[in-house]
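Peer 1: Each chain is listed here by its residues.
2 protein chains.
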Amino acid sequence: MASRATDRNRTKFLLDEKDIPSKWYNIQADLKTPAPPVLHPSTKQPIGPQDLAPLFPMELIKQEVSRERWIAIPEEIREVYRLWRPSPLYRARRLEKMLGTPARIYYKYEGVSPAGSHKPNTAVAQAYYNKKEKVSRLSTETGAGQWGSALSLACQLFGLQCKVYMVKVSYQQKPYRRIMMETWGAQVVASPSPDTQSGKKILEQDPNSPGSLGIAISEAVEDAATRDDTKYSLGSVLNHVLMHQTVIGLEAKKQLEKADDAADIVIGCAGGGSNFAGLSFPFAADKLAGKNKKMRIVAVEPAACPSLTKGKYVYDFGDTVGLTPLVKMHTLGHTFIPAPLHAGGLRYHGMAPLVCKLYDEGVIEAMAVPQLATFQAAMQFARTEGIIPAPESAHAVRVAIDEALRCKRDGKRQTILFNLSGHGHFDLGAYEAYLAGKLQDYEYPAAKVAEALTQVPKVTA
Amino acid sequence: MASRATDRNRTKFLLDEKDIPSKWYNIQADLKTPAPPVLHPSTKQPIGPQDLAPLFPMELIKQEVSRERWIAIPEEIREVYRLWRPSPLYRARRLEKMLGTPARIYYKYEGVSPAGSHKPNTAVAQAYYNKKEKVSRLSTETGAGQWGSALSLACQLFGLQCKVYMVKVSYQQKPYRRIMMETWGAQVVASPSPDTQSGKKILEQDPNSPGSLGIAISEAVEDAATRDDTKYSLGSVLNHVLMHQTVIGLEAKKQLEKADDAADIVIGCAGGGSNFAGLSFPFAADKLAGKNKKMRIVAVEPAACPSLTKGKYVYDFGDTVGLTPLVKMHTLGHTFIPAPLHAGGLRYHGMAPLVCKLYDEGVIEAMAVPQLATFQAAMQFARTEGIIPAPESAHAVRVAIDEALRCKRDGKRQTILFNLSGHGHFDLGAYEAYLAGKLQDYEYPAAKVAEALTQVPKVTA
Chain A
1 MASRATDRNR TKFLLDEKDI PSKWYNIQAD LKTPAPPVLH PSTKQPIGPQ
51 DLAPLFPMEL IKQEVSRERW IAIPEEIREV YRLWRPSPLY RARRLEKMLG
101 TPARIYYKYE GVSPAGSHKP NTAVAQAYYN KKEKVSRLST ETGAGQWGSA
151 LSLACQLFGL QCKVYMVKVS YQQKPYRRIM METWGAQVVA SPSPDTQSGK
201 KILEQDPNSP GSLGIAISEA VEDAATRDDT KYSLGSVLNH VLMHQTVIGL
251 EAKKQLEKAD DAADIVIGCA GGGSNFAGLS FPFAADKLAG KNKKMRIVAV
301 EPAACPSLTK GKYVYDFGDT VGLTPLVKMH TLGHTFIPAP LHAGGLRYHG
351 MAPLVCKLYD EGVIEAMAVP QLATFQAAMQ FARTEGIIPA PESAHAVRVA
401 IDEALRCKRD GKRQTILFNL SGHGHFDLGA YEAYLAGKLQ DYEYPAAKVA
451 EALTQVPKVT A
Chain B
462 MASRATDRNR TKFLLDEKDI PSKWYNIQAD LKTPAPPVLH PSTKQPIGPQ
512 DLAPLFPMEL IKQEVSRERW IAIPEEIREV YRLWRPSPLY RARRLEKMLG
562 TPARIYYKYE GVSPAGSHKP NTAVAQAYYN KKEKVSRLST ETGAGQWGSA
612 LSLACQLFGL QCKVYMVKVS YQQKPYRRIM METWGAQVVA SPSPDTQSGK
662 KILEQDPNSP GSLGIAISEA VEDAATRDDT KYSLGSVLNH VLMHQTVIGL
712 EAKKQLEKAD DAADIVIGCA GGGSNFAGLS FPFAADKLAG KNKKMRIVAV
762 EPAACPSLTK GKYVYDFGDT VGLTPLVKMH TLGHTFIPAP LHAGGLRYHG
812 MAPLVCKLYD EGVIEAMAVP QLATFQAAMQ FARTEGIIPA PESAHAVRVA
862 IDEALRCKRD GKRQTILFNL SGHGHFDLGA YEAYLAGKLQ DYEYPAAKVA
912 EALTQVPKVT A
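Sequence order for the protein chains is A and B. Heads up, the first sequence is in this note's numbering, so the first residue is 1 and it goes up one at a time. Heads up, the second sequence is in this note's numbering, so the first residue is 462 and it goes up one at a time.
Hints in this document: simulated from the structure, not taken from any laboratory. Bear in mind the structure is a predicted one, so any value in this text is a computation, not a measurement. Just so you know, even glycine gets a beta-carbon here, dropped at the ideal spot from N, CA and C. Treat each hint with caution, since some may be false.
To be verified - Below, in silico cross-link-like pairs of lysine to aspartate or glutamate (EDC-like), each with a Cα-Cα straight-line distance of 20 Å or less:
#1 A:18 x B:721
#2 A:12 x B:540
#3 B:719 x A:16
#4 A:258 x B:725
#5 B:479 x A:16
#6 A:254 x A:17
#7 A:44 x A:319
#8 A:254 x B:904
#9 A:258 x A:19
#10 B:873 x B:536
#11 A:12 x B:536
#12 B:752 x B:725
#13 A:253 x B:557
#14 A:132 x A:75
#15 A:253 x A:16
Stated by the list, open to error - What the simulated footprint calls covered on chain B by chain A, stretch by stretch (three residues with Cβ under 8 Å from a Cβ of chain A suffice, anywhere in the stretch; the number is not a length):
#16 610–621
#17 638–645
#18 684–690
In isolation and in its complexed conformation, chain A is listed as follows:
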């Protein structure tokens, strides 16, 4: 009992390297009904593995549709994970004290990876499986640069070449993220680029195009589809990407046990859904098994881009241009262009199909929060816990603080766990705008969303 009391008093709950999970958790095994199939964009019939083979290695295609509960993590991947995993679980004692809440607040900190976010958890796995299947080069897109830097690092560690199409406006505004990718050996070009037909076409129409994630995806996919040595890599949304991220939640569960505690509320920000799923799916497993029924799992999205809370649960394209297969998800319409939020990683019109399915079934809930409120929360966090959160992660901080204040009002000693998915070292321009009173909120663009939803393709289920 004495040792337990000591444990509870800690600030950090660390695990040993041997506690790095040896298996990823695949939530598809525990769904009551399978996730809706992915459809071919022209035939609107379910697609097969061969349709995806030009873009992804076979092992990842298998993982995408697997219904095995546990997928073994190869030792070569765990060896790279050791560079930063297990990541720490923190008890936010200073934040609790400042809020005067009886709640216990924990955060899992994924910013300890060399790239500064959770993204390398899947980048490393994807690079490994491609390498194993003799792929020598990966292409991808990146917006603000979190994903591009994670994949650059992973490719460097496995000796793969990496080509990153970086949205031109970010390429110009965030040179440090680009340099980080180049330091890890990647080739980075501003998108639209003259390197692809898609890029050339857009540049002909508009030489000054600022680019978009949709355009960059088109370029990266074309690059992979037209070169034998190259496959494509995606940083969120897909089932296998979410599964690779479950190391976060699997570790967090063990760490909460060390703290002799259990989560009442699990919180993650959600753009494509991967960091949210990574933390929460191992907890959702308990709910799906009929345990911990009262536990709440909350996805937090921007009020200006609220796919779960305001979108429609229909088949839609994953990209803006409309080249990808159709997936059933909560969507604001694939032609919807979100406001220029600083949380670039949350500016996505859709949401991972597996997250949508759990939301549809009531296993998880969702909240939307405005930008200013997220920075206000991030400042409170930085000034008590020290770490400066990424603008995306600040969405989770906001709801964690709100729930802690609710506990204070209601006199409840609940346990709140959230994912601090990354640090804000490359986002300090956003903090400057906040401190200068220049940061703005964006209204929910109801008319634009309604218009975009009319563009969603008709699919008879």
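Here the structure of chain A is known, so what remains is to put chain B in place on it, guided by the hints.
Peer 2: Positioned in the frame of chain A, the structure of chain B alone reads:
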């Protein structure tokens, strides 16, 4: 034996929170002869505690001259240390493999602190003792911003106001470091500023002055000397600062024991000397006690600013203007202005007196390395271990790699330990210059140093 074998195979050697040192190590207790006294700049007689009282709280003045071997770390300071300490010790397995060396390379990683370097180890202690003695505001100077951000964080955590005089050229070129300080609540001004007499005077002569560390020190000292609520805080050089940093080496010794290993070579970069001393003094203690006589301890400085390897061991001013007390140290002359190296933290004309004393007695050695070679080493490190080193820390990486390659040539299985004192997230501009082939080396400016050394005040010992 089995568990030992497992330990040796790890990548990270972590300690528990209860292993955060409870005492700092004060090397003054173990010197055969005391360090030369600090002298009053006009009388050239040893100064007493009252001379320093306007600038520092009494507890820090006591620590500065203490000959007690161990100074207890107050629980309030250890509580803040828990936010990132104990810091990890890494075995650089991927770097070793890439080099093909039989040497074992370990690095202590101090970049895990919220400010990204070792600097908060003393910032937190200094903020605490000032708070305890009812000081409500601290002033300091910062060049590139590592120290300023560490003190801003520490002041925020203890509820002190913080005013940072940031060298104007850095203020303009490194806005992210400034925003980081402001996020933690500090007031940051470009130096020279109109806020002090020293600043005004310089601005009158040259309204476009780019500033210098010397000018910023003058402003910060004047600020503290002219306000009752304010004291001054320094991030390196002084005995108490070096002592606060010994938590690094004390932890590293325990971690090497966990690895069932012992250091043959201990390496740190040295500007003012605090991260080098922090890692190495607990190891130097063994040598001073007649143990581990063959162990080498190496301070690494820039070839363009080589105070230990090329400077004179004489009394000199700590600042450029010549306002501070006189300390006996290896110096290039207080009027020497180093080349604009990217390793801004190593651009100092002198060296911590305690480091100089150990160098003079042959307990430690020193090496000087050129800028390009340090970035070449940093690239090799980033591409194997993932972490992108600060340009200062890259000096230690360079010598660690050189020693590992020597071991390879000689077929020796030595154990190399170095301090990775910080990450390079705010220094990627330097990496960009390196990648673009635009980074240059600077010759050792022998004539300028000879000239500056003529300005050193005459003191008859």
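Peer 1: Run every hint past the structure and note whether it holds.
Peer 2: Tested hints:
{"no.": "1", "hint": "A:18 x B:721", "verdict": "holds, 18 Å"}
{"no.": "2", "hint": "A:12 x B:540", "verdict": "holds, 11 Å"}
{"no.": "3", "hint": "B:719 x A:16", "verdict": "holds, 13 Å"}
{"no.": "4", "hint": "A:258 x B:725", "verdict": "violated, 37 Å"}
{"no.": "5", "hint": "B:479 x A:16", "verdict": "holds, 16 Å"}
{"no.": "6", "hint": "A:254 x A:17", "verdict": "holds, 13 Å"}
{"no.": "7", "hint": "A:44 x A:319", "verdict": "holds, 16 Å"}
{"no.": "8", "hint": "A:254 x B:904", "verdict": "violated, 55 Å"}
{"no.": "9", "hint": "A:258 x A:19", "verdict": "holds, 12 Å"}
{"no.": "10", "hint": "B:873 x B:536", "verdict": "violated, 43 Å"}
{"no.": "11", "hint": "A:12 x B:536", "verdict": "holds, 16 Å"}
{"no.": "12", "hint": "B:752 x B:725", "verdict": "holds, 12 Å"}
{"no.": "13", "hint": "A:253 x B:557", "verdict": "violated, 34 Å"}
{"no.": "14", "hint": "A:132 x A:75", "verdict": "holds, 13 Å"}
{"no.": "15", "hint": "A:253 x A:16", "verdict": "holds, 14 Å"}
{"no.": "16", "hint": "610–621", "verdict": "holds (count 3)"}
{"no.": "17", "hint": "638–645", "verdict": "holds (count 5)"}
{"no.": "18", "hint": "684–690", "verdict": "violated (count 0)"}
Of the numbered hints given earlier, the model fails hints 4, 8, 10, 13 and 18; all others are met.
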